[in-house]
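Protein chains in written order, with my numbering: chain P, 1 to 211; chain Y, 212 to 668.
It is worth saying that the hints were derived from the structure and are not from the lab. Watch out, some of these pointers could steer you wrong.
[As the list claims (entries may be wrong)] With a cut-off of at most 27 Å between alpha-carbon atoms, the simulated BS3-like pairs for lysine-lysine come out as follows:
| # | chain 1 | residue 1 | chain 2 | residue 2 |
| --- | --- | --- | --- | --- |
| 1 | P | K158 | P | K49 |
| 2 | Y | K303 | P | K158 |
| 3 | Y | K558 | P | K158 |
| 4 | Y | K217 | Y | K558 |
| 5 | Y | K558 | Y | K605 |
| 6 | Y | K365 | P | K158 |
| 7 | P | K9 | Y | K624 |
| 8 | Y | K624 | Y | K585 |
| 9 | Y | K365 | Y | K378 |
| 10 | P | K142 | P | K172 |
| 11 | Y | K352 | Y | K266 |
| 12 | P | K142 | P | K165 |
| 13 | P | K49 | Y | K324 |
| 14 | P | K135 | P | K165 |
| 15 | Y | K425 | Y | K266 |
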Amino acid sequence: MAELTALAKALVELDEEQVMELVKQKLDAGEPAMNIIKECNEGMAGIGKRFEDGVYFLSELIFSAEILQNVMAELEPHLKESDQKAESRGIVVLGTVKGDIHDIGKNIVATLLTGAGFEVVDLGVDVPTEAFVEKVKETGAKVLGMSALLSFTYPEMKTVIDALKDAGIRDKVTVIIGGAPCNEQVREFVGADYYAIDAVTGVNISKQVYG
Amino acid sequence: MSDSVKALYEERLKRYQAAIALAPTDRIPIAPGSNYFAEVYSGFNHQEYMYDASKWIEADRKFIEDFPETDVLRTTRVWGPIQDILGFNTYKLPGRDLPPNVQFQFIEGERMKPEEYDILIRNPAEFIFEYYLPRVFDVLKDRTSARSYVAFLKAGMAQMYWNNMLKARAEFLQNEMGMPMATMGLVLSPFDALADGLRGLRGIMIDVHRRPEKIQEACEALVPELVNSVLGAADPLRRYPIFMPLHRGCYPFLSPKQFEELYWPPLKKVVQMLIDAGYTVRAYLEGNWGPNWHHWRELPKGKVLLDIDGPGDIVKAKEDLGGYQCIAGGLTDSDLTVGTPEHVREKVKFLCETVGKDGGYIISGGCNIPYDTKPENYRAMIDAIMEYGRYGDKTEYEVQINPNPPEGWQPPKGHVLTPWEVKKEEIGEIMGDEDLIKAAWEMFERMAFNWTFGWIL
Numbered sequence: 001m002a003e004l005t006a007l008a009k010a011l012v013e014l015d016e017e018q019v020m021e022l023v024k025q026k027l028d029a030g031e032p033a034m035n036i037i038k039e040c041n042e043g044m045a046g047i048g049k050r051f052e053d054g055v056y057f058l059s060e061l062i063f064s065a066e067i068l069q070n071v072m073a074e075l076e077p078h079l080k081e082s083d084q085k086a087e088s089r090g091i092v093v094l095g096t097v098k099g100d101i102h103d104i105g106k107n108i109v110a111t112l113l114t115g116a117g118f119e120v121v122d123l124g125v126d127v128p129t130e131a132f133v134e135k136v137k138e139t140g141a142k143v144l145g146m147s148a149l150l151s152f153t154y155p156e157m158k159t160v161i162d163a164l165k166d167a168g169i170r171d172k173v174t175v176i177i178g179g180a181p182c183n184e185q186v187r188e189f190v191g192a193d194y195y196a197i198d199a200v201t202g203v204n205i206s207k208q209v210y211g
Numbered sequence: 212m213s214d215s216v217k218a219l220y221e222e223r224l225k226r227y228q229a230a231i232a233l234a235p236t237d238r239i240p241i242a243p244g245s246n247y248f249a250e251v252y253s254g255f256n257h258q259e260y261m262y263d264a265s266k267w268i269e270a271d272r273k274f275i276e277d278f279p280e281t282d283v284l285r286t287t288r289v290w291g292p293i294q295d296i297l298g299f300n301t302y303k304l305p306g307r308d309l310p311p312n313v314q315f316q317f318i319e320g321e322r323m324k325p326e327e328y329d330i331l332i333r334n335p336a337e338f339i340f341e342y343y344l345p346r347v348f349d350v351l352k353d354r355t356s357a358r359s360y361v362a363f364l365k366a367g368m369a370q371m372y373w374n375n376m377l378k379a380r381a382e383f384l385q386n387e388m389g390m391p392m393a394t395m396g397l398v399l400s401p402f403d404a405l406a407d408g409l410r411g412l413r414g415i416m417i418d419v420h421r422r423p424e425k426i427q428e429a430c431e432a433l434v435p436e437l438v439n440s441v442l443g444a445a446d447p448l449r450r451y452p453i454f455m456p457l458h459r460g461c462y463p464f465l466s467p468k469q470f471e472e473l474y475w476p477p478l479k480k481v482v483q484m485l486i487d488a489g490y491t492v493r494a495y496l497e498g499n500w501g502p503n504w505h506h507w508r509e510l511p512k513g514k515v516l517l518d519i520d521g522p523g524d525i526v527k528a529k530e531d532l533g534g535y536q537c538i539a540g541g542l543t544d545s546d547l548t549v550g551t552p553e554h555v556r557e558k559v560k561f562l563c564e565t566v567g568k569d570g571g572y573i574i575s576g577g578c579n580i581p582y583d584t585k586p587e588n589y590r591a592m593i594d595a596i597m598e599y600g601r602y603g604d605k606t607e608y609e610v611q612i613n614p615n616p617p618e619g620w621q622p623p624k625g626h627v628l629t630p631w632e633v634k635k636e637e638i639g640e641i642m643g644d645e646d647l648i649k650a651a652w653e654m655f656e657r658m659a660f661n662w663t664f665g666w667i668l
């Protein structure tokens, strides 16, 4: 990876003040918002790397998402319509399955995926089977991520995968499951392609799928 | 209580207490803490169980008759009616805002603002009454309405009704079924009390970076309040451990450094204070505590039972904690819900031969026995323990029953809303025995504070 810019570096170090200061300077200097986002995404990738290396933990991931959100709020007025979907690496559909309203893990995954350049279609929590299938069909996403915090959702995840089969699109989409009660045994039971032990693993699998 | 039931009760309790104390037992205890399966096994749905307390005794009887090898059952659970009375808005409940057969769920949220730390630190009682409760009780949206006053009256009545139900159930379990309780009384770690109910996960994780010293001060302020509050609900005879479900101490929420600076010191203080008051503690280590659980070696040996969750490595837990504290667990949610009896049997055999081989071990799921456990898997777990988990014919251990705290023990100094001094001034000159009036005043003041404080847990 090329040397990080000052802004990306400040983000990796979670230096909130420095990040906001640099963003303001860049905007004042007329730098396009998309360039600033690109630098931030490099910073987010650096944060993901530190998590992978066991240097950072969830508290750092959540705090970095907070800083990024503040940056995005600052950039919002400067973004053009045409900027929104530029240079997407691919689409990932995400959601917490029916009956389960937990969203912390899913939101962390969404932040990291966005940081890695993916377009994330987040269906939220308590997502019915049909909504998953419809959205995968509509967007042509090659990756579907399902999140669960409660063990009663195993059959729900299986239902979604069966519905993908019935819709004839199972072989077009890679299904990843994640969340505390998931493991390889659960992956096998529900018929998913991968079990991601943490958010960074989920992002890495998505990168593999989209090449 | 018939002699045979009494003997059965003592045998189970002795086995459970001895295992926690790291003393020899006749076999590995079958003593899950949060046995959700037991509640729904007899066929009641989640809503019936949460709203109609009369269903429990029936459910307990059926469960114990079919699985008599189980050594303990849990005491209490979330109860719908009192939440409805107050408009308590932090849970979704089955049959109310979830389908009747889905388990209850906590709604994440920020219920304390970052600028309110200093108020909490100065006086937790004031913070709870003035800031927290109006956010979580919908009936307090209009604090002057007749409805809000009546709601509190009803809640007090409901609490008494509920306490009587729990007492009746405990007596039924002990006297009719010979069944001890897994735990009695619940308390959170100070960090979790702040993280779960007050700041919310996002809020606390931001505070870890922006204002860690406020977290430390707030946790410190919560320590005596948490201890006093749970001592009001714990077993007066000190037979059963106090339950501590621990949430954010798991990997990878906090770094080991953050854990050591923010999470562990106030938790250790609470646990030590409960041990000093003559209790044992059952801590439910939710998630993977692998990098952090060695800290439990710092507490007195054989005083804490640690539930190891599915994502934690129980073999490693035994290596790190063996000889210090008893551990429980071994089967994951998926083993019990989607596994086969053969698989469960093999796994329990493995557990008996490894983590269980020299005691200090209790078979359980990962902190709980899930609602959707297949009955044949629970049965396979028991049968495998009977076959592979035996150490001898008898448990030689004296059952611990202590109505009194250790000599010289004093409760920590905590807050109440209206201390006696305030009331005394209102009365003016007291004509008779001040102590008589004061004792009653303080008892109810303490009960009321404990009750309100309980809503942050």
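Hints, verified against the model:
1. P:K158 / P:K49: Cα-Cα ~32 Å, so violated.
2. Y:K303 / P:K158: The given pair, whose Cα atoms are some 24 Å apart, holds under the 27 Å limit.
3. Y:K558 / P:K158: 25 Å, holds
4. Y:K217 / Y:K558: 33 Å, violated
5. Y:K558 / Y:K605: With Cα atoms ~25 Å apart, K558 (chain Y) and K605 (chain Y) stay inside 27 Å; holds.
6. Y:K365 / P:K158: Violated - the C-alpha atoms of K158 (chain P) and K365 (chain Y) are around 44 Å apart, more than 27 Å.
7. P:K9 / Y:K624: 48 Å, violated
8. Y:K624 / Y:K585: 47 Å, violated
9. Y:K365 / Y:K378: Holds. K365 (chain Y) to K378 (chain Y) sits at ~20 Å (cutoff 27 Å).
10. P:K142 / P:K172: 6 Å, holds
11. Y:K352 / Y:K266: Since the Cα atoms of K352 (chain Y) and K266 (chain Y) sit roughly 33 Å apart, the hinted pair is violated (cutoff 27 Å).
12. P:K142 / P:K165: 14 Å, holds
13. P:K49 / Y:K324: 32 Å, violated
14. P:K135 / P:K165: 15 Å, holds
15. Y:K425 / Y:K266: Status violated; Cα separation ~45 Å.
Figure legend: structure checked against the earlier numbered hints; hints not met, in rising order: 1, 4, 6, 7, 8, 11, 13, 15.
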